[in-house]
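Chemist: Residue-level listing of the chains:
Number of protein chains: 6
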Amino acid sequence: MFLHRKETIQPVKVDKPDAAFGILLLEQFGGATGELTAALQYWVQSFHVEDAGVRDMLQDIAIEEFSHLEMVGKLIAAHTSKLDQTKVYDAPLFKIKGGGPHFLDSQGSCWTAAYINEGGNMVRDLRANIAAEAGARQTYEALIKSCDDDGTKKTLHHLLTREITHAHMFMNCLAAMGKLTDPMFGNVPPDDTVKLVFNLSQGEDVRGPWNEAPDFEYIADPQPAGGMPPAPVNTDDEFHMSKKADLTGKVKDLVS
Amino acid sequence: MFLHRKETIQPVKVDKPDAAFGILLLEQFGGATGELTAALQYWVQSFHVEDAGVRDMLQDIAIEEFSHLEMVGKLIAAHTSKLDQTKVYDAPLFKIKGGGPHFLDSQGSCWTAAYINEGGNMVRDLRANIAAEAGARQTYEALIKSCDDDGTKKTLHHLLTREITHAHMFMNCLAAMGKLTDPMFGNVPPDDTVKLVFNLSQGEDVRGPWNEAPDFEYIADPQPAGGMPPAPVNTDDEFHMSKKADLTGKVKDLVS
Amino acid sequence: MFLHRKETIQPVKVDKPDAAFGILLLEQFGGATGELTAALQYWVQSFHVEDAGVRDMLQDIAIEEFSHLEMVGKLIAAHTSKLDQTKVYDAPLFKIKGGGPHFLDSQGSCWTAAYINEGGNMVRDLRANIAAEAGARQTYEALIKSCDDDGTKKTLHHLLTREITHAHMFMNCLAAMGKLTDPMFGNVPPDDTVKLVFNLSQGEDVRGPWNEAPDFEYIADPQPAGGMPPAPVNTDDEFHMSKKADLTGKVKDLVS
Amino acid sequence: MFLHRKETIQPVKVDKPDAAFGILLLEQFGGATGELTAALQYWVQSFHVEDAGVRDMLQDIAIEEFSHLEMVGKLIAAHTSKLDQTKVYDAPLFKIKGGGPHFLDSQGSCWTAAYINEGGNMVRDLRANIAAEAGARQTYEALIKSCDDDGTKKTLHHLLTREITHAHMFMNCLAAMGKLTDPMFGNVPPDDTVKLVFNLSQGEDVRGPWNEAPDFEYIADPQPAGGMPPAPVNTDDEFHMSKKADLTGKVKDLVS
Amino acid sequence: MFLHRKETIQPVKVDKPDAAFGILLLEQFGGATGELTAALQYWVQSFHVEDAGVRDMLQDIAIEEFSHLEMVGKLIAAHTSKLDQTKVYDAPLFKIKGGGPHFLDSQGSCWTAAYINEGGNMVRDLRANIAAEAGARQTYEALIKSCDDDGTKKTLHHLLTREITHAHMFMNCLAAMGKLTDPMFGNVPPDDTVKLVFNLSQGEDVRGPWNEAPDFEYIADPQPAGGMPPAPVNTDDEFHMSKKADLTGKVKDLVS
Amino acid sequence: MFLHRKETIQPVKVDKPDAAFGILLLEQFGGATGELTAALQYWVQSFHVEDAGVRDMLQDIAIEEFSHLEMVGKLIAAHTSKLDQTKVYDAPLFKIKGGGPHFLDSQGSCWTAAYINEGGNMVRDLRANIAAEAGARQTYEALIKSCDDDGTKKTLHHLLTREITHAHMFMNCLAAMGKLTDPMFGNVPPDDTVKLVFNLSQGEDVRGPWNEAPDFEYIADPQPAGGMPPAPVNTDDEFHMSKKADLTGKVKDLVS
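Residue numbers (my numbering), protein chains in the order written: chain A, 313 to 568; chain B, 313 to 568; chain C, 313 to 568; chain D, 313 to 568; chain E, 313 to 568; chain F, 313 to 568.
It is possible that some hints are incorrect.
The list treats identical chains as one, so a pair stands whether inside a single copy or across any two.
[Unchecked claim] Pairs of lysine-lysine residues, derived as DSBU-like cross-links and limited to a Cα-Cα distance of at most 35 angstroms, are as follows:
(1) K318 <-> K328
(2) K507 <-> K491
(3) K394 <-> K318
(4) K318 <-> K466
(5) K328 <-> K465
(6) K457 <-> K399
(7) K394 <-> K328
(8) K507 <-> K318
(9) K325 <-> K507
(10) K466 <-> K325
(11) K399 <-> K328
Calculated directly from the structure, the hints in this document are not laboratory data. Treat the numbers as computed from the prediction; the structure is a model and nothing was measured.
In isolation and in its complexed conformation, chain A is listed as follows (with noise of 0.2 angstroms):
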């Protein structure tokens, strides 16, 4: 059951009102790296993780996405309370669409659940998780680089922030599965060639951990192991009926 305070979590200020950054700041809450997608994400990975623990850091975090999302929310309706004062081309998506927050991004292109990853693994879930962490983390720091006005960007250093602890609450929780260094996970052991490392994009080629023993057997120059397929054998096409054996022979016929 969800409960509300009008109260924000956090103080939320904007010292001066700027439409045109008020479009920048959808990105967080309409966007792919936005409030909405860690808060979904992480509330719906918790109606299957069977685990209590991690079922409840899910939730804890996801109540935290949402009351981030309602900060990023005011922060864009304090840009736009000025927007009778803005010129059209100055935030046209507010103008025509009307002040205050909606689900869009910065380019004006609604949310959608294609954002979220999660599903059917908690050790999955929790990769999803970190990886969501810095895909914020990252669009948060390009927002204050973008930002001349003191109270949004201490807010926004706090949202920052808070990305940081649940990427490290995330890891503390794959530390404590032990994996979160361990590439391996689920109920399906990988077969013989898991070492191997193929060199497809040839050219200022660099060698490191990545692709090095021991962890690693590195195959310089690698060739097509898989032969030639099975060429399709179903189309609709009145070509290919007429003359399976030799198709190509009868389109070239076609131009004799």
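Since the structure of chain A is already known, use the hints to place chains B, C, D, E and F on it.
Modeler: Showing chains B, C, D, E and F alone in chain A's frame:
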């Protein structure tokens, strides 16, 4: 520059074509966790990653993922090779849209670049890649469990294995930067709330290394610290225009 | 600030888990008429609605809808609790993407913010909300009719009921503003065509209070009043560049 | 059967072509509140509405909306008629994608059928239509306020007017069914919670006809009535498989 | 200006309603190759095509496609006319979303304007239209093969036929401009690489009129001609900031 | 199997980095007419095309398009190489999402597989490809016209040229099958309406080879030939349930 050999990188063998199973396989061709997502994510990262070693690794793996996309596509082509003998409601997707792979997932939804997670920072990118590998591995496990064709299973097992290899490579790379087990990265240090954990979802609370000292300070009953945010002052509503001072009262007046 | 209690707002009970029915339930978790749409629509409106009373109402209902989203999610989790005993083609969505809810509809399409209707005006928002409640109620009725599990039906019945309550609240609010039965709102009065009704679809024409006097003036055989619009004059086509005066003639010349 | 006359239904006049304003106009051509949404929504409803009178009304209005879509398109075509004299960054959308209208909104996002609200019930459809008209009216007001071309304004004023007319028609139709002011409809009566209102968002609480007696019973401090829901029991995680009884303990064991 | 007659342009007859087949028919109502795509593509082109003859042709065909969309919709309405006697899992889409057509494809995905191909040039538009007709024809053939209702088949046969007619019209129009068999168009002549064909996919190479002299010059073993591109120099990564000169070395140093 | 060489297939040179122009270039990286669309469309077709010659051609061109995608990506990377010296509102997309290419179009919309046109028939596929090439060529022309950097222009000119080459190859291939100038293909012959042309859009009617004898028979004033379609009989509306015989009357009764 891309080059192509018509032989596959590893063998693709289907013993018993089954168009219905081909629909499930689409998840790894045109789905969120599929090979197209992986190939394009790693490859697009390589354009902005400055480090030549990481860039080379991203390109090597991306090219392998394109080769895996081809293997999944060949699996699907083989499973639809007897489509003319398949009843329409056993595989409606292929009967209506044609045999062979399409850039759709197992639910028939178009692939979208919203699945991709990348941008602006190498650590963020590598964390996104570990998450991508975990999702792909999980889907391959689900497909193997749902599959009763030995040839297909063997191919899927290889593809699952390689996701583990790639995760290992990305992990070693992050470890080399000291960022595999450190939640912090980027150019903005956190503020002083970085150790707080808020127990926002109450009931069945569980304590563990993800919310305990020494890394964290647990707030058992968090309260709003932000105060009441300002109300919006810029909508177009004609009610607001006439009587901003007491809008609530106004609505109540209207009915008394 | 959001808070959460792990108990649900109302009971969720599933007597006989049925993953296939779980797929249908997704319509109200991640579908157009689902609880996420309602929760986010009302909540995002609350950021731009100036009236404190309407804002409070929107937030109260939004929080209830989040709590309902949780109930639907718990229904789905319960229906997929025996997924390992389910055949793959009975519930392919869950077998491939994992058990529990996802932000997808019953057809496997990702939730999108394009489902949300809001912006710029309180009357517009409230009308959108009455429509949203009507869609949700309709889908719950469809689910109840398709359901043969008594526990599930009882939960769905409660959720259907609450959509009626919310619609009632929105209606009373609009009535308080005098806008429940008055089509007009906003700051721009209509022009003098406001009473005209055009019989543009001819055959089986029916007259009724929606196209009769005194509210309307019926035009039985409407004719174009706008005259011929100007032709475009700015495409890149090279044909146009050479001979703008007589383009049609030109194409005819080319074949004679 | 559709027929077309090349003259427009009402005059379209642009005094001063302005490609930048043309981009804003796209909101009503290919945007959520635009004429395509209205035309297709009403028309698709007409296929499943059994009542011949309502069906005729839906078709009459749908055909008018198609005619309005044409008017908006002609406005856009006129505003891009001097595109070759426009600087690229003044109207990049048209410079790259070509002049004239496209099925995109003012942010360049593709029109999607997710904007449409319809299905299964005439009352639900009509409520959706009143909402659609309100959104369209609101966007026209925003466009008029952002416009400084008298010819364009006059056309937009007519289009805004017609949304009021259509809303009036839909309202009269609902009133004829007794469903304009009655929240209830459909074949399932509500359960006994229908009068409850939950004060779930606390702080600045406001009372009014939307949450007061006699229509409603206000619960000032709502508590969870559903009890603790069952935990999920079907994920693929290998941790869960080994030790279902005490999963939380297990994770804690791993680190001690 | 649009006008409508309630009779259909050609007969629509369904002998045996079958809601499952109705789902397949959605492909031509709200799918990529469907009548909505065709109608909107040709019609939106007519706004920017300067040539009055081509514009008239586009509008004539567009209006016919709207009339065909209506026919497909009536087919679907007829196939869902006994929906109350249909089991839920035989046609879940209609049971949950309501009978009659929706702007979804046979997989339940929303129609999107991303299906439309148009803009900026008449030759480009006409080529896109020939492609659209080919896709529509192909889907009608697939539907006819999957159909066992004679009335439905006859209607589909007519709709398939008309796609051939339209393709013929578009071809004659391109031929009149000399652009049916000439690959070149537009205002920019090609550079001197226009005859080269690169054998980039090696193995099972086939020669034919599409890669042979005199039209083409075949490069059997193409090599990169572009040299090494510059590395990126502007990401936010803190590793890059400290030591741009030897980034690869740096990562290696970190682990030694 | 895919292979990669780090040198580009043709030179990529940017004389003056301009992040704003980089945004426009995204249209050919992640846009509808871009290189990703072309590469994936031709390549996915190759899985179902039975003819070995056409399959080889599709793969050769697909691999070239991947190499072109790389060139466009390198152009964008170069144009964003001085992003730290760019003002945020000059290139907000890159400032917020990071430098280098992304799979977005110039409007910031995600690439979607809905752009791809393929399936089930070789003739259909090849027609789709000619259309794809025409769209790509048109966008390159638009970009060249908007560009003032000589290096960039030269690269774009090469890419435009190659679209002409590919169109030529596809045309020769269709000509070899006799399908470049013949509208008919597939396994279903047309019915006897194949020569009719309906003048459905009246006013400014133009006659030409696309609607004249001997290929066509022109119907100057077409009338509906289908008769009145049956009304739907299966919605859930409670009004319908009580009184199916005279629904219209019923609604009228309600208000009298």
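Chemist: Please flag the earlier hints that this structure goes against, numbers listed from lowest up.
Modeler: Failing hints: none at all.
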